[in-house]
Structure formats: C-alpha cells, structure tokens
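Colleague: Spelled out from the first residue to the last, the chains are:
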Amino acid sequence: MDEKQDLNNSGYEIPEELRHQVTITTLEKIYNWGRSNSMWPMMFGLACCAIEMICTAASRYDFSRFGMEVMRPSPRQADVMIVAGTVTKKMLPQIVRLYNQMSLPKYVVAMGACASGGGPFKEGYSVVPGIDTYIPVDVYITGCPPTPQSLINGLNALQKKVMNEKMSESGWYAKEPAKEVPIPVLGPDVFDPRKSELIFAETHKQAETGDDIGEEGEPK
Amino acid sequence: MSDSSIQIEPSSADSTYNDLIAQFPGLIEMETRPGFTGVVVSTVAIRKVMLYLKEQCGFDYLTSLTAVDDFPEDKIELIYHLYKTTGSPIIELKLFTTRESPVVPSVMPVYPGADFQEREVWDLFGVHFEGHPDLRRLLLWEGFAGHPLRKDWKEPLFEEDVKPFKSRWPEGKGIHRESLNPFNDNVQYPKEFDPNGFTPDNDESVYKILQSKIPAGSDDLKVEHMIVNLGPQHPSTHGVFRMAALLEGEKVLALKPVIGYMHRNHEKIGERNTWLQNMPYTDRLDYLSSMSNNFGYALAVEKLLGIQPPERAEFLRVMMAELTRIASHAMAIGFLLNDLGAFFTPSLYALEERELILDIFESVAGSRMMCNYFRFGGVVRDITEADFKQVKKLVEDRLPRKIDDIDLYLTENEIVQARCEGVGVLTAEEAIAFSESGPMLRASGVPYDIRKADPYSIYDQLEFDVCYRQHGDVYDRYLVRLDEIRQSIRILQQVIKYMPQGPIQTGKVQYAVRVPAGEAYGRVEGPRGELGFYVVSDGKANPKRYHVRAPSLMNCTGLEKMCVGGKIADAVTILGAVDVVLGEVDR
Amino acid sequence: MNGKGLLKGLGLTFRHFFATYLVDLFDKNAKKRRGTIDADGLFTVQFPEESLVIPEEFRVIPFLIYTLDENNQRKYRCTACGICSKVCPTQCIWITRKKDPETGKPVTESEEFYIDIDKCMNCGSCAEFCPFDAIKMDHNFKIATYVRGETHILPKEKLGRPLEYYAKIRPNNYAAEEAERAAKAQPAQV
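Chains as they are written, first to last, in numbering that gives the first Met the number 0: chain Z, 0 to 219; chain B, 0 to 586; chain H, 0 to 189.
Take the hints with a grain of salt, since some may be wrong.
Listed below are the simulated DSS-like cross-link pairs for lysine-lysine, each with C-alpha atoms no more than 25 Å apart in a straight line [stated by the list, open to error]: (1) H:K183 <-> B:K507; (2) B:K507 <-> B:K207; (3) B:K153 <-> Z:K204; (4) B:K172 <-> H:K74; (5) B:K172 <-> H:K157; (6) B:K165 <-> H:K155; (7) B:K507 <-> Z:K204; (8) H:K141 <-> B:K392; (9) H:K141 <-> B:K388; (10) B:K401 <-> H:K141; (11) B:K391 <-> H:K31; (12) B:K172 <-> H:K30; (13) H:K98 <-> B:K172; (14) B:K153 <-> Z:K194; (15) B:K165 <-> H:K97; (16) H:K7 <-> H:K74; (17) Z:K194 <-> B:K190; (18) H:K141 <-> Z:K160; (19) Z:K165 <-> Z:K178; (20) H:K74 <-> B:K401; (21) Z:K159 <-> H:K141; (22) B:K401 <-> H:K30; (23) B:K401 <-> H:K7; (24) B:K53 <-> B:K560; (25) B:K255 <-> B:K507; (26) B:K391 <-> H:K97; (27) B:K392 <-> H:K31; (28) H:K155 <-> B:K172; (29) H:K7 <-> H:K31; (30) H:K157 <-> H:K183; (31) B:K388 <-> H:K30; (32) B:K165 <-> H:K3; (33) B:K172 <-> H:K104; (34) B:K401 <-> H:K27; (35) H:K167 <-> B:K392; (36) B:K207 <-> B:K250; (37) H:K27 <-> B:K165.
Between beta-carbon pairs, the in silico distance windows are [unchecked claim]: (38) B:E428 <-> H:E176: 53 to 63 Å; (39) H:K97 <-> B:T344: 26 to 36 Å; (40) B:S11 <-> H:A178: 43 to 53 Å.
Keep in mind that the hints were calculated from the coordinates and are not lab data. These numbers come from a predicted model, not from an experiment. Each residue gets a CB set at the ideal place from its N, CA and C atoms; glycine is no exception.
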C-alpha cells in the first residue's frame, strides 16, 4: 500500500544523483500537495467521538504528523470540520451556521456512526439521521467510536481525495460567491427551509382528507 | 486531607415512614404494591412534609426527582428520593397526579437542587410545577410539539412498542428507516402547520430572564450591560454546553446554563429495549468512565432480580471501576488546566496514563471506551494472566510515579494557585442545598462518599480514606481529585493482592431476562458524583420506566451561584472544575 | 522563593523533552517500547507505518464465518435462528430465512442477511449469544468511505470471511471453540 504521495509525475527522466533534490511536477500537484498536508481541523467535538479525536491529537497517535495539529476554534480559520458525535436537532442550526461561515476550500468528515447515519440513537425524537441530510460530506468513518487509528485512516483518505482534485473544478476561483446552506429552523420539529413547500403540502393534505394515517405519513 | 469512615445511623427507612404517617395523619399512606417501597403523599401536603423532613428529621439532601407515566391509567407518579448527608438509608416519597391536568407544587423553596429536575419533568412529561421561578423546557426547545416521555407520544421513526422488532426476522430486508418518512428525515409536523409563516422563539425566553436581572437605576448606562453566549461551540473541550451570561464590563451579574444540545432520548429508547440491551447504551452516558455506568445499572437491576455476583466478579468489577476513576480524574485535571490556558501540555501528560488504562480495557472488554463489560450477576469475561500482570505493573510501578510527577508539576505552580484559589466558592450548606455530589461536595467540606456511607460490592472490605477539603474553591476540587487518584491506587493494590479464584458469573447469561415487578434505585460513586439508576419493572422483558440520575446535571445547579460576582474568565475555570460530561447531562 | 513552583514544573517538562531524544540514543530497544507501558521518552506510535498489537478481544463490525465445500461454494455456519437479530440493541440486523423450493418449509440457512453499519454500536452482543459460532466481531478498522447511501447496509456476500481468517485474528477463542466442538462430537465414554 503506497501511502506516500508521489510528486514526480510528469514523466521527465531525472538523473540518479539528483533524485533526492529535484522533482519535476505540475502546478496542480504541488498545489494539492500543499493543501492536503496542512489541513486545519475545527475544534468541533460533540460527544464520545470527540474524546477519540482528542486522543488522536494527543501524544500517542499524533495527527500533527499530518499537519493537522492546529485545531482552530474559529470557523474562518479552519479547513476541515470533523463532525464528531451525535447531531441533535437543537444543535443542528449551529452546525449549519458554522459550515456556512467556513471559507472555501472546506471539507466535512463525518466521524462515527452517529454523524454518518444517525447511529444507535436514530430511533428517537431528537436525533438527526446523519449530517449529510443537511450539509455535503466528503468522508464517512463508521464505528462507535472509531479508534484513533481508524480516524487517521479516514483523514488519510481525505488527503488522497484532495490530492486528486482539479483546480479547474474548484469552487473558490468561480465568479459568484459560494451558495450558503439555509439554516434549519426549530419549530414544532426542526425543518429545512428548502423543504417548505413539501412540508406545507404534506400537513395540509392530511387535514383535507382527514385520513388517520398518522403524521409521519406511513401506514401503521 | 482524608478522614475515617461514616457510619450509617441505626434508624432504618421504615421508622421514618411510620414517624411521618403519625405526624401527618390522613395525608400520607404507605405504598402497597408488592416490590415497591416508599410512602404516598397527597399533593397539597408535599411542601409541608418536605419542610418537616428537612428541618425536624435532618434529611437535607434531595437526590432524585422523576416521574413515571402510568398509561393507560390516568395517572402520573412523581418520585422523590431523599437522604441525610450524615449517613442514612434513602427514603422515597411519591405523589400521584393526573395526566389530564398535572399541576403540582414545586419543592424548590425547600430544596433548591430540584431546579433542573423539575424543569426536566415539565419538559418531558408536561407536569406543571407551581412556584417554580423559571419553568422552561430544559432538554428540548421552546415550541416543540408535545411531551415526549409520555407513553402515547410516538416518534417520527416509530416502529414497534418493544424490542425485538418483528420486522427483522424471519423476513427482514435491510432499509434505512427514514426512507419511509415523506421528508426523508426524522421529523413530524402537526396538522396544518405552515412553515412559511412561522417565527421561531430564538431563545427569547432565556434572554428575557437575563434582562430582568439588570439592576434598576441603570437605564441611562444600558451600553455597559451585555448578554454574551459562551458556547455551544467553544474551545474549552467540555462538549456542547452553553452558558448565557449577563455582563457588566467583565463582571458576571447573571448566568443561565442552556443544555439539551446532546439530548439523545436515552430514556425513551431505554423503555423500548430489553433489560440486557440497555447495557451498551449506558456506556454512552458518561462516556469518559463507561465502566461506572455499567456498574450502576447492573446494581439497580440486580436489586430487582435478587442475585449477587460471585466473589471474583466483585473484585473484577471494583478493579475496573477504580481504573476508570483514575482515567477519568486524570483527564479532568488535564482539561481543567486546558481551560486555564496551559494549552494542552498537562493534558498530554494525563492522556498518556489514560491511554495505558484504555489498553487494559481494550484487551479485557474489547473496546477502549464503550466497554459493555458487566452483566446481571457478574462480568462478561475473565482477565488473562498477561493483562493481570499489566495492571499490576501499572498500579505498583508506573502510576504512583506519574501522579507524583503531575503533582510536582501543577500543585505548587503560582499561576494555578493565583487563578484557582478563592474562585467559585460553595459553602457546605450551599453544596448540600444544590444537590451537588462527588468531588464538588467533598471539596466544600462534606465528607460524603457512597462507597463508605452506603457500601456496595466489596467496598466495605477495602481500606481507603474519604478525600475532602474545606474551602470549596476550584483549587480544592483539583486537590480532591488528585487525592482520589491516590486512594484509587491504594484500593487497586489491595484488590490485586486479595483477588480470589473462582467463577465470574452467577448462573447463565440470558438475553431475554424477565425481571420481577417492582422498583429499584441503584447508585454508585462515579468519578463525577452519585450516578443513580431508577428502574421500574412490571414483570415483562422491557422496563416500564428507566431514569438516570446524572451527577453532572445536578452539579450544574450551583453554577450560577458560583459564577455571579466573579469575572467572565473565571466562569470558564469554574465550569472546568465542575467537570461536566454532556453525555450524562443531556442523556 | 517566589516562582519556585513554576521552576519545578518547567524542570519536569525539560526533563521529558530531553528524554525523548536521549532515550532513543542510548537504548537500542527504545523504539519497540514506544506507546507501551514501559515507554519513557517518546510515546508516539506512527500509524500507518507502525502500529501497536491489536488485542484479540477487539471488536469493530461483525462478520459471518464460512467454510468452502467441495464445489468451492461458500457454506456459512449461520442457520438463521434469529438470536443475533433479537439481541442486537439497535436492531440493525435483518435476516430472511431460506425456504425449501419444493416444500416451502423453512431451511436452516439464511437467504438474505443485512447489517446496517451506520447503526451498529460495536457492542459484540451478536457474537456473544450466537449458539453456532457463526457471527464474530472483526478487527478491521479501516472502513472510511466516500459515499454512504445503500453501501452502508452490508449484504451477506460482503459480510462473509473464511474460517482461516477467524483463526488468524482470534487464535485463543478459536482454539477454545474447536476444543468444545471436538468434545461434543465425541460419543460419551461409558
């Protein structure tokens, strides 16, 4: 398994004695190499997975070896948001707000079973079934909680993904500013403003037909 | 400073009940259902009875206040557990009210520690407490539809009443449950709800209360008073805990904790699980010390089942519980210093020791944090010779040296002393009134430790001291935790010396245990305080009610009193010394 | 002396700092001791190049054991009894029992077997209560993916691992179980 990123990719022959000093590569490769090796995570631990994230930052499984030791509390200065822990409905507007405040390029890693897909608490009334219902996610790491080695494996996968990105498809050199994700509102239950029409249709459909189907719309 | 043991007073709970019945004729009667204990008090007399218990009988500590929904009967029960900090058995008072119009007098004038618990019962059951100064929802937000812990309230992704679900076997197809929901999400809305015309509450209720605390006569200088939110996302690594503070310059005038950002409906899921399926869920309560949580739950259910684990299992349980205490306190000390500004270096020293303890958990129980090691009547697996030698090496050689290192490093540090001494003081009376427990209570001068006052497992055969201090400030809480690590090392050395051979489980572990009808309150001395589990069974394979008395939640009751008058920077330090873990505050 | 506490603390950190270099210089075996209980000096284990030994009881997501029969087809030990599915705290196991094509009666084999790894809490209850030693907990923690959707509901094919794999990752448990099976298979000596 080749974990090291090979920079020398343009096919030019370099003499043997200069191989350790000279590399011929493309601008995109150097750009991505610099970005992927200096990702700054945002200090954003929610629950038990946050403790494993702290243990990854501690001395045994140091992730400053990958350039990620600088954990910034401010979203403006962070590159990657590691959503570690259960996403509850009360916390959801804050998470989306923080995601909007991060500046491009930004990545999201869903750490743990709860952030990936709801986790063991999904059957309750106050847990969001996976953060990807509201914001786009780049890497999913399952486990309850994933061990620090598992998290480092996931972060390496994110680094590989960044190495393969193309500058022409990047969003931060586009003319328009990035589109913000609308912030969910806490009503009788949390709702996404993007789905307002659908919600209106559903709640008024039941009122009209007078059907006793139940509010979630599935037959009992 | 340590002290010798506390003796339990010879009077038992029954004599207190008889005394109460004699004092308040016609208003109190004994509980008659088999398997249930306590007395039933009539609603109008509850405050009088509580005042009598507190002032005449000396029951100064209210430990747990919860509710049980007796659907389909029209009844909601309220349960109060009380005891004396000088040592006594727990007495239980009950109140019956109706589901249609549940209005009950609040006991806050007598026991201020009932604050958060009454708000929680209002939030989850809909019981209105008259006389509570600030009855808002605690774990959910204002505007939420319904009271979730009532038995007839169904969640959006509801499948069946009890587990195991019939849809999984013998004809089961793997699907994501939210794909059946029309919104592809875990939500449900009331009929005729219009999202476009809806204005949310936006926390106005919290801000209104804070604004009412602005001192009068300062209308012309309004610019000096600011409301600042600390959290829910902030660099101190305690989790999603939010404090809304009213500041005058840098001085704190009022502070309200806002919680519920990690509410994972543990208790509702607990009612649906079978008794054994609840064990892995208890790991996730206080996720820094999962073995203690398992211990408390196993004790509560074993009281109902009436079984006792064999001796080797008891020794293994105590060994795991004390190792957890060391790991948790080391982490608490490390993160207290993180809050003070010593960015992460003391935490690294503490985390080294915690990693070695987690290695032992990984090779014995299978997982570093979520151990799932205890069963009803014993433990899952025996410890191998190699692991036993590791524990021995850790406890006899490495840990005493490293804890002395941390002591040398931090205790006499002038900056730590200047920032921690005299900050966040709670006197002994205030600590008891606010229902604090654990190191918070002991640092204020009350030497109450459940392992001595009401011993469970084999703690009555082991020699150790209760660690307590006098001043009740942040520095004393740090010193109490350091002392407790040393006492835990002492306990572990005795456990290793006297560990017997033998079986590790009474009987065979069954996955569908039928627990006889009744109620039980099992409690352990967790690293953060008294962790109690109140379980009610009606003879079936699933609990009827499952409630967790979380120490971190009760310890936060005194947060406002501790922070008011100090500076805003001290509020962060005080929160670090309270050592909250959001998994158990919000459950 | 004012400041003595600070100096003592700094003395400790300096001692630790120099130890991280000097221990490696003077002790050839220091690298093997890193991250273990005998470590003094550097504590870091450089994953993914180095890693600590994974203990036998470690549990991640479950897997089904199969052996290969004469036609090189997978023969799973699972009999679709349903106990693992009943015991799972999050109910993340779905089993469909196979029916005999002629008679329509259920056979002791599973037709479909799904585990949702987004709900699995790695508790190990399924492995603990399986009466046929058919489902066990895996050690593979390298499970990061780029997409979710249906790929996180693992079907039977993805869950299968050969018996030799199980013997390799859990040798002591395997030896104990084989001894039990051999003892049961022996007819009782009269």
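Colleague: Now tell me if each hint is right for this structure.
Modeller: Hints, verified against the model:
{"no.": "1", "hint": "H:K183 <-> B:K507", "result": "holds, 19 Å"}
{"no.": "2", "hint": "B:K507 <-> B:K207", "result": "violated, 57 Å"}
{"no.": "3", "hint": "B:K153 <-> Z:K204", "result": "holds, 20 Å"}
{"no.": "4", "hint": "B:K172 <-> H:K74", "result": "holds, 21 Å"}
{"no.": "5", "hint": "B:K172 <-> H:K157", "result": "holds, 16 Å"}
{"no.": "6", "hint": "B:K165 <-> H:K155", "result": "holds, 20 Å"}
{"no.": "7", "hint": "B:K507 <-> Z:K204", "result": "violated, 54 Å"}
{"no.": "8", "hint": "H:K141 <-> B:K392", "result": "violated, 32 Å"}
{"no.": "9", "hint": "H:K141 <-> B:K388", "result": "violated, 31 Å"}
{"no.": "10", "hint": "B:K401 <-> H:K141", "result": "violated, 33 Å"}
{"no.": "11", "hint": "B:K391 <-> H:K31", "result": "holds, 21 Å"}
{"no.": "12", "hint": "B:K172 <-> H:K30", "result": "violated, 50 Å"}
{"no.": "13", "hint": "H:K98 <-> B:K172", "result": "holds, 15 Å"}
{"no.": "14", "hint": "B:K153 <-> Z:K194", "result": "holds, 23 Å"}
{"no.": "15", "hint": "B:K165 <-> H:K97", "result": "holds, 17 Å"}
{"no.": "16", "hint": "H:K7 <-> H:K74", "result": "violated, 66 Å"}
{"no.": "17", "hint": "Z:K194 <-> B:K190", "result": "holds, 16 Å"}
{"no.": "18", "hint": "H:K141 <-> Z:K160", "result": "holds, 16 Å"}
{"no.": "19", "hint": "Z:K165 <-> Z:K178", "result": "holds, 20 Å"}
{"no.": "20", "hint": "H:K74 <-> B:K401", "result": "violated, 53 Å"}
{"no.": "21", "hint": "Z:K159 <-> H:K141", "result": "holds, 14 Å"}
{"no.": "22", "hint": "B:K401 <-> H:K30", "result": "holds, 21 Å"}
{"no.": "23", "hint": "B:K401 <-> H:K7", "result": "holds, 15 Å"}
{"no.": "24", "hint": "B:K53 <-> B:K560", "result": "holds, 22 Å"}
{"no.": "25", "hint": "B:K255 <-> B:K507", "result": "violated, 49 Å"}
{"no.": "26", "hint": "B:K391 <-> H:K97", "result": "violated, 51 Å"}
{"no.": "27", "hint": "B:K392 <-> H:K31", "result": "holds, 18 Å"}
{"no.": "28", "hint": "H:K155 <-> B:K172", "result": "holds, 12 Å"}
{"no.": "29", "hint": "H:K7 <-> H:K31", "result": "violated, 31 Å"}
{"no.": "30", "hint": "H:K157 <-> H:K183", "result": "violated, 31 Å"}
{"no.": "31", "hint": "B:K388 <-> H:K30", "result": "holds, 22 Å"}
{"no.": "32", "hint": "B:K165 <-> H:K3", "result": "violated, 68 Å"}
{"no.": "33", "hint": "B:K172 <-> H:K104", "result": "holds, 19 Å"}
{"no.": "34", "hint": "B:K401 <-> H:K27", "result": "holds, 24 Å"}
{"no.": "35", "hint": "H:K167 <-> B:K392", "result": "violated, 29 Å"}
{"no.": "36", "hint": "B:K207 <-> B:K250", "result": "holds, 19 Å"}
{"no.": "37", "hint": "H:K27 <-> B:K165", "result": "violated, 60 Å"}
{"no.": "38", "hint": "B:E428 <-> H:E176: 53 to 63 Å", "result": "holds, 60 Å"}
{"no.": "39", "hint": "H:K97 <-> B:T344: 26 to 36 Å", "result": "violated, 60 Å"}
{"no.": "40", "hint": "B:S11 <-> H:A178: 43 to 53 Å", "result": "holds, 52 Å"}
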